[in-house]
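Given the structure of chain H, go ahead and fit chains F, L and C onto it with the hints provided.
Protein chains in written order, with the working numbering: chain H, 1 to 355; chain F, 356 to 710; chain L, 711 to 1065; chain C, 1066 to 1420.
No wet-lab data here; the hints were simulated from the structure. For every residue, glycine included, the Cβ atom is placed at its ideal position computed from N, Cα and C. Possibly wrong hints are sitting among the right ones.
Here are some chain L residues pointing at chain C (derived, C-beta under 8 Å) [as the list claims (entries may be wrong)]:
1) V713
2) H736
3) P763
4) G765
5) A850
6) V973
7) N975
8) N981
9) H982
10) V983
11) Y986
12) N1030
Under the rule of at most 25 Å between Cα atoms (straight-line distance), these lysine to any residue pairs were calculated in the SDA-like manner [claimed, not checked]:
13) C:K1070 x L:R729
14) F:K360 x H:K312
15) L:K1022 x C:H1091
16) C:K1122 x C:T1145
There are 4 protein chains.
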Amino acid sequence: MAVQKLKIAVAGLGRMGKRHAYNFAHRTPRAELVAAFTPDETELTWARANLEPYGVKIYSDYDEMLKHTGLQAVVVATATSVHAEEAIKAIEKDLHVLCEKPLSVDFERSREVVEAARAKPHLKVMCGFSRRFDASYRDAAEKIEAGTIGRPVIVRSQTCDKHDKNGFFIAYAALNGGCFADMNIHDIDLALWFLGEDSRVKSVSAVGVTAVHPELQNYGDCDNGVGVVEFYGGKIAYFYNSRTMAAGQEDTTEVIGTEGKIVVNGNPQKNHVNTYTPRGVTRELPFDYWGRFEYAFVNESNEFTECVLENKRVPLKLNNALIALQIGLWMQEAFNTGLKLYFDENGRRIDKPKL
Amino acid sequence: MAVQKLKIAVAGLGRMGKRHAYNFAHRTPRAELVAAFTPDETELTWARANLEPYGVKIYSDYDEMLKHTGLQAVVVATATSVHAEEAIKAIEKDLHVLCEKPLSVDFERSREVVEAARAKPHLKVMCGFSRRFDASYRDAAEKIEAGTIGRPVIVRSQTCDKHDKNGFFIAYAALNGGCFADMNIHDIDLALWFLGEDSRVKSVSAVGVTAVHPELQNYGDCDNGVGVVEFYGGKIAYFYNSRTMAAGQEDTTEVIGTEGKIVVNGNPQKNHVNTYTPRGVTRELPFDYWGRFEYAFVNESNEFTECVLENKRVPLKLNNALIALQIGLWMQEAFNTGLKLYFDENGRRIDKPKL
Amino acid sequence: MAVQKLKIAVAGLGRMGKRHAYNFAHRTPRAELVAAFTPDETELTWARANLEPYGVKIYSDYDEMLKHTGLQAVVVATATSVHAEEAIKAIEKDLHVLCEKPLSVDFERSREVVEAARAKPHLKVMCGFSRRFDASYRDAAEKIEAGTIGRPVIVRSQTCDKHDKNGFFIAYAALNGGCFADMNIHDIDLALWFLGEDSRVKSVSAVGVTAVHPELQNYGDCDNGVGVVEFYGGKIAYFYNSRTMAAGQEDTTEVIGTEGKIVVNGNPQKNHVNTYTPRGVTRELPFDYWGRFEYAFVNESNEFTECVLENKRVPLKLNNALIALQIGLWMQEAFNTGLKLYFDENGRRIDKPKL
Amino acid sequence: MAVQKLKIAVAGLGRMGKRHAYNFAHRTPRAELVAAFTPDETELTWARANLEPYGVKIYSDYDEMLKHTGLQAVVVATATSVHAEEAIKAIEKDLHVLCEKPLSVDFERSREVVEAARAKPHLKVMCGFSRRFDASYRDAAEKIEAGTIGRPVIVRSQTCDKHDKNGFFIAYAALNGGCFADMNIHDIDLALWFLGEDSRVKSVSAVGVTAVHPELQNYGDCDNGVGVVEFYGGKIAYFYNSRTMAAGQEDTTEVIGTEGKIVVNGNPQKNHVNTYTPRGVTRELPFDYWGRFEYAFVNESNEFTECVLENKRVPLKLNNALIALQIGLWMQEAFNTGLKLYFDENGRRIDKPKL
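Chain H with its partners taken away, still in its complex shape (with noise of 0.2 Å):
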């Protein structure tokens, strides 16, 4: 009997787009990618050269993509300022959604979609935090949840990109909710997901810096910030962005427990390479996300395909997507009023901190 196979559509054919169309069609066994959707002219182009060959249908319009016959499932990989319309029009067409993050940079927009996945409890609606799929993050959790490093109290995340000299990352600050709640949003989320994922926050404090790109200010955004998020119950994380890299991309994360501590990727390198030369012993590392999490979307989209088919869990609460953009929304306002941010325990702001 043959395979029953998850049909599926991308949505939205930019950088990120295209790989999910790659790995849902060439590396996820038991999906199908029938249908991609791009309203960008030079995108419909690539899309008729790579995917149509493969049997998809290409669609300038999404919603008459989500009409496509037999359609079970939508990735959302659009801009930002779109991926909350377009989960919620999925979402009532009862289908499935994999939702690239975040779902909005507003939180009550986000707030919506995760509103609307509740409303269809029988739907899978899955905000892709790809580091959740990672082969060494899984390992990290699965060891601290053996007990390995004792209870877990600090965590101290980054994400940093190599320096695109172009600033081609400019244009996008004003559209991505700035570099706490665009690029932290990962450690937060990882930071959730080691600590707790019911912690309270207490108190959040932000400081940034446009060490290379001062045009960066007009949008309220730095190229280089550290904040701090304390919780209740005595724990903290605390986390570092930056645009300005110079090697490579470096996203570490250090877990310490009462008895020990594990850190992911402390050692960022591309490869199994030293080159060793009369300056000394070089390596070199991931030029940026995907040469690091590569695997992850793989993972990513064979896991959520099977959660589909078979009708089990996600391996990540939508509702925990909200928590990030909110922490990560806190930091940024933490950063652009130079305030830091109190909180009682039941989440409400407060004038002061809580002795």
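Only chains F, L and C this time, still in chain H's reference frame:
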């Protein structure tokens, strides 16, 4: 227009055969796994459950499989003893062949495969030395090609397996030609790659011990061995193989040139995790070659496919497999006799060293 | 002509005093340890057995020791509470002083030492921040000075001790000024070194937890803390301190510039040994700061000696010790109050962030 | 009561002699450097400026120095060619001797030193294999002794110098006995340490090339060499030496046992600094053996001193130096003749391998 896919079959569904089947079925966009053969009942059952649902026709007779309509290529991944026979049969049927290493443990038998292939120059026949497709080895090769280390002079390379306490591998010892021919053949191939495929052997010596498994002596084999191959023109390759590594797979290669050195996998590690406990800082190693080379095999299947479809030259000359086997067998002989073997510049065995 | 040696005395023969005594007696060619003082009976006994035979006169009264004939310099390595008093007494006796950090946990008291020294500009008075004498930190500083990483912008630095399960350190908590002032003072000093000693603080925040030792709360202290110091001119230093590391001493510093990054001790290790076992590959960490910085202290004693003998400027300005202490105390205050502290460009405390 | 110090003299004030003089004068609390000898004018000038002021009497005649009143011990650090003669003279004067390696490049001459020492069992006579005093090698030895890796079976060890483009070392090639005897003698000594000092050689083979310095062929030497020593009882040591490393000193040793492996200096590094630039992450290597082993020499001088003063057994048997030299000379012979050398279980040379 639909993409044209290479119709390929896999012969043998043991450990490696299953993986080739998976890669061609699910991770090689331009290939279609149309058939699979195994004479083994357990493997047949597995194939019916795991391949048939994806449209793969299962055969228990190799010759029958070769007649599969539209079949264009065969992966030979059966027991080593039938590699040559099956490869030749496929070639005779005008099928392209990707044959697992070695072509045969018998030099003459291997040569027959090479000759069969030579007789059909329109066919792509490749012996799969997986490390040639590994990203790190390729990076090393590019850097060496670019002159980063000057002229390569010395290669140190080792193939070291995690100790399988079941001694599972002992039963194979008699069949696989011994550890110098079976394990170090990869290292020999790498040495030829880096030192020049036209390198002519000047002398060969080898020693070995049975550190843990004295029963290997019954098969003229050892569980830890060291071999040295001297080439004309002032080049040396030295090799280590071990069946008894405690921590995991450790396949390391150093290429030393007149102006620098490149090390591949000098610090083996399974993933990006370091664990800090009162014992110190610990990282884990890959369990086996698959943990280290999984994606090299994916590259291999994709590149072989592309070479066939686009009639490109395969990245490894088939004749190299013969040369590497020859050197491996010489090391095995040097180990078994205790003698150092000498060769003149034309490759003829001589009695005394040529100074 | 016989070499002229600096006649020096060590006050205090506790853990650090013993080491200074050893270094000045045996590893500082141009110094002669002529006297040592301790009020402690056990230490006196030790001194009579271990120093007296090398010609060192032992005193149980500090003032008496200061009168030792020919004495030129004193190392103050007593309990922190008497550093300032003893340093000032020595200065008043016209003796050069190498004072263990901190001058005092009290800012005003520390300032008195600085002023006493200022009044005698012919004396060398140095507060021993040992990391300034460490070969790796110096290499980092040279590379930064040479422009290797562009303009330094961010410093991350941590002082992390191996967990002493006896809780020996808790008794000291009340005396040492708290972990931000006591431990991170080294990191603050490094941050000022790398970001510029004229850096002006804009804001300070800090959070801490008692992960393992809740009893520290009685002293207004924590066992793991994170602090962030923002400087005018777009520079940030962020700090971590821990009393509860499982594996050993982990004092790590990162300096991130506009064109690169330097990491000191990102991979802590005790020595050059890696052990491969079925558990993986393990390396050990230094047990304590001595295991990491032993030779920095040797450099310190030799350079201090040279500065006195040759009337050179000591490599650390005494006033920096005051600035570092100030910042440490601000972090401590920020931790204790939960507040973020703000400063104007003239160093005056203000109520609100300056944007 | 004043401490009793060992009155010691250093013969030879070349590169290594100067360092021994410094260590005994300034870093060996229980020793007093009372005299130094060198026949070299430049070195005499240096000694008058740098040793005499510390009370060291300078001699230009070795025999005169041996008569120095109260002298108890001599460090022989002159040119290799006179090691044996000077050591024997000192022994005959009833002086303890610390002799730089090798005793002589001539086996018989070395044996005479051993015999001279044997005739005076109350004297401490030690040949300085510095790595035996290195903290990492000692840690390795302790772990091996403790059974961490099971029974040691294979040793891989290399001595690799940074390439001195001046070719300074070539002039020494004729004098030092060749790279297998001169450089790998350290590795042979380590192999005997880890595999058992009673290990009996079964076969020896070696190959070498002149990768960069063909003029070495005039001296029967090479600039990169590989040697393999097989021992009875199923043990192997294999060695690499190089004069042409690009990045710095790389002295690495692996000890592989039946249940694990220990690597010393698998990741050579000069210090704790890693530099991140667009080129990648770079660390530097020690420039030379002093950069790697400085403190091993300090341990050596202190331990030798203690052994003399307290009449303890020195940590290295003198006879081992003879055995290590013998093996080094055999490797040199095997390299020069191209032959594999065979030995019976009694150490007698035989014509054919013993299987």
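Here is what the structure says about each hint:
Taken as an interface hint, V713 of chain L checks out: its beta carbon lies about 4 Å from the nearest beta carbon of chain C, inside 8 Å. Restraint check, H736 of chain L versus chain C: the minimum CB separation of about 4 Å is within 8 Å; hint holds. Taking 8 Å as the C-beta contact cut-off toward chain C, the hint placing P763 of chain L at the interface holds, the least distance being around 4 Å. About 7 Å separates the beta-carbon of G765 of chain L from the nearest beta-carbon of chain C, less than 8 Å, and the hint is met.
A cut of 8 Å between beta carbons decides the hint on A850 of chain L: the least distance to chain C is about 5 Å, and the hint holds. A distance limit of 8 Å between C-beta atoms decides the matter here; for V973 of chain L the minimum to chain C is near 5 Å, and the interface restraint holds. A distance limit of 8 Å between C-beta atoms decides the matter here; for N975 of chain L the minimum to chain C is near 4 Å, and the interface restraint holds. About 4 Å separates the beta-carbon of N981 of chain L from the nearest beta-carbon of chain C, less than 8 Å, and the hint is met.
For H982 of chain L, the shortest C-beta to C-beta distance to chain C is roughly 4 Å, which falls under 8 Å, so the interface hint holds. Checking V983 of chain L against chain C by beta carbon gives a least distance of about 5 Å; that is within 8 Å, so the hint holds. Look at Y986 of chain L: its Cβ gets to within about 4 Å of chain C, closer than 8 Å, so that hint holds up. The beta carbon of N1030 of chain L comes no nearer than 22 Å to any beta carbon in chain C, farther than 8 Å, and the hint placing it at the interface is violated.
With a CA separation close to 21 Å, the supplied pair K1070 of chain C and R729 of chain L stays within the 25 Å bound. Of the supplied pair hints, the one linking K360 of chain F and K312 of chain H is violated, its CA atoms being roughly 34 Å apart against a limit of 25 Å. Distance restraint check for K1022 of chain L and H1091 of chain C: the Cα-Cα separation of roughly 23 Å lies within the 25 Å cut-off, and the hinted pair is therefore satisfied. A C-alpha spacing of about 23 Å is found between K1122 of chain C and T1145 of chain C, which places the hinted pair at or below 25 Å, so the restraint holds.
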